[in-house]
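Trainee: Sequence:
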Amino acid sequence: MGRYVARRLLQMIPVFFGTTLLIFLMVYSLPGDPVAGLFGDKGTDPATLAALRHQHGLDLPLWQQYWNYITGILFHFDFGSQIRSGREITEVVGAAFPVTLRLAFLAFAIEIVLGLALGIVAGLKAGKWADNLILVLTLLIISMPVFVLGFIVKSVFAFQLGWIEPNVSNDETWGELLAPAIVLGSLSLAYVARLTRTSMAENLRADYVRTAVAKGLPKRRVIGVHLMRNSMIPVVTFLGTDIGALMGGALVTEGIFNVHGVGGLIYESVVRREGQTVVGVVTVLVVVYLIASLLVDLLYAVMDPRIRYA
11 MGRYVARRLL
21 QMIPVFFGTT
31 LLIFLMVYSL
41 PGDPVAGLFG
51 DKGTDPATLA
61 ALRHQHGLDL
71 PLWQQYWNYI
81 TGILFHFDFG
91 SQIRSGREIT
101 EVVGAAFPVT
111 LRLAFLAFAI
121 EIVLGLALGI
131 VAGLKAGKWA
141 DNLILVLTLL
151 IISMPVFVLG
161 FIVKSVFAFQ
171 LGWIEPNVSN
181 DETWGELLAP
191 AIVLGSLSLA
201 YVARLTRTSM
211 AENLRADYVR
221 TAVAKGLPKR
231 RVIGVHLMRN
241 SMIPVVTFLG
251 TDIGALMGGA
261 LVTEGIFNVH
271 GVGGLIYESV
281 VRREGQTVVG
291 VVTVLVVVYL
301 IASLLVDLLY
311 AVMDPRIRYA
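Residue numbers (this note's numbering): 11 to 320.
Worth double-checking, as some hints may not be accurate.
[What the hints assert, rightly or not] Computed beta-carbon distance windows for the label pairs: (1) M22 - Q74: 21 to 29 angstroms; (2) Q74 - V281: 21 to 29 angstroms; (3) Y14 - W184: 33 to 41 angstroms; (4) L20 - T54: 32 to 40 angstroms.
[To be verified] Quick list of in silico lysine-lysine cross-link-like pairs, BS3-like style, CA-CA up to 25 angstroms: (5) K138 - K229; (6) K135 - K225; (7) K135 - K229.
Derived by calculation from the structure, the hints in this document are not laboratory data.
From a predicted model like this one, the values you see are computed outputs, not experimental measurements.
Every residue, glycine too, gets a C-beta built ideally from N, C-alpha and C.
All chains should be built: construct the whole structure from the sequences, respecting the hints.
Mentor: Rendered as C-alpha cells:
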C-alpha cells in the first residue's frame, strides 16, 4: 500500500506543473491590459503604466513570470497580489473559497444521498415502473442545461411561490445555499443515480451474489455488504473527480443566485483581465482536484486490493 501511495503522489507532480503552466499560458494569451484597465477610458501617462507593469512583474518575459509565480508558491506560498485592490491573492481567495466550499459540500451531500438512493432503488427494481420513472427523471435532468434549471428554480420557488429568496445574502446561511446547491448538484446527482443503477443491476446477476444468496445470508447483508461494495467502485471514482467539477462549475450557479464565491471571483477577474487572480484561484482548484483524486485512488485500492498491484 505504501508503494501505491508513493506512486500516486509522484504522478501528481507533473500533473500540477502541467496544468498550472497551461492555465498560465491561456490566461496571459488573452487580449487586454489589466494595468491600463485600472484607469478606464481616461487612461494615464505611459510612465505610470510602465511603473505599474514593472511593480507586478508584467514587463518580464512570459517564461520568467511563470518561474517567479511557481517558485513563489512552492517556496513562499505566495500567489501574488490583485492588481486592482493590491490585496494578496491568498487573502482574496480565502474570503471567497469558504463560500464555494460550503456550496459544493451541500451539493455533494445532496448528490450522494439522493443519487445513491435513486440508483439503489432503480438497480434493485430494474425493469419495473420505479426503474423507468427514475431513468426518465434523470434523463430529463441530464438534458437540461444548469443555467436553465437555475432560472426555473429561481422563477418558480422565489418569484412565483416566494419560498426562497431570489438572491443569497452576504451572510450565506445554509438555508439560503440550499436552492443553488440543488441546482449545482442536480447533474451529478443524475449521473450518480444512473451509474449506481447500472452497476447494481449488473452485479445482481454475478456469481458471488448468487453464492451469497445460496448460502442463506440475510438479504440485508447480501445487498449491503456483497452487492454494494462492488457496485460502488465506479460511483466512488465519479464522486472523487466530481468534487473539483463542483468547485469549478459553481461559476454559473453562483452568478444566477448572486453567491459571492470562487465562481463570481473568477468571472469578475476574467472581465477585468486580472490574470494573476484567475491563475491563483484556478491553481487552488487544481490542488483540490488532485487531493480529491488521490483520496479516491486510495479508497479505490481499499475496496479492490487488485488495484494496488496494477
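Trainee: Evaluate each hint against the coordinates.
Mentor: How the hints compare with the structure:
no., hint, verdict
1, M22 - Q74: 21 to 29 angstroms, "holds (25 angstroms)"
2, Q74 - V281: 21 to 29 angstroms, "holds (27 angstroms)"
3, Y14 - W184: 33 to 41 angstroms, "holds (37 angstroms)"
4, L20 - T54: 32 to 40 angstroms, "violated (48 angstroms)"
5, K138 - K229, "holds (20 angstroms)"
6, K135 - K225, "holds (23 angstroms)"
7, K135 - K229, "holds (15 angstroms)"
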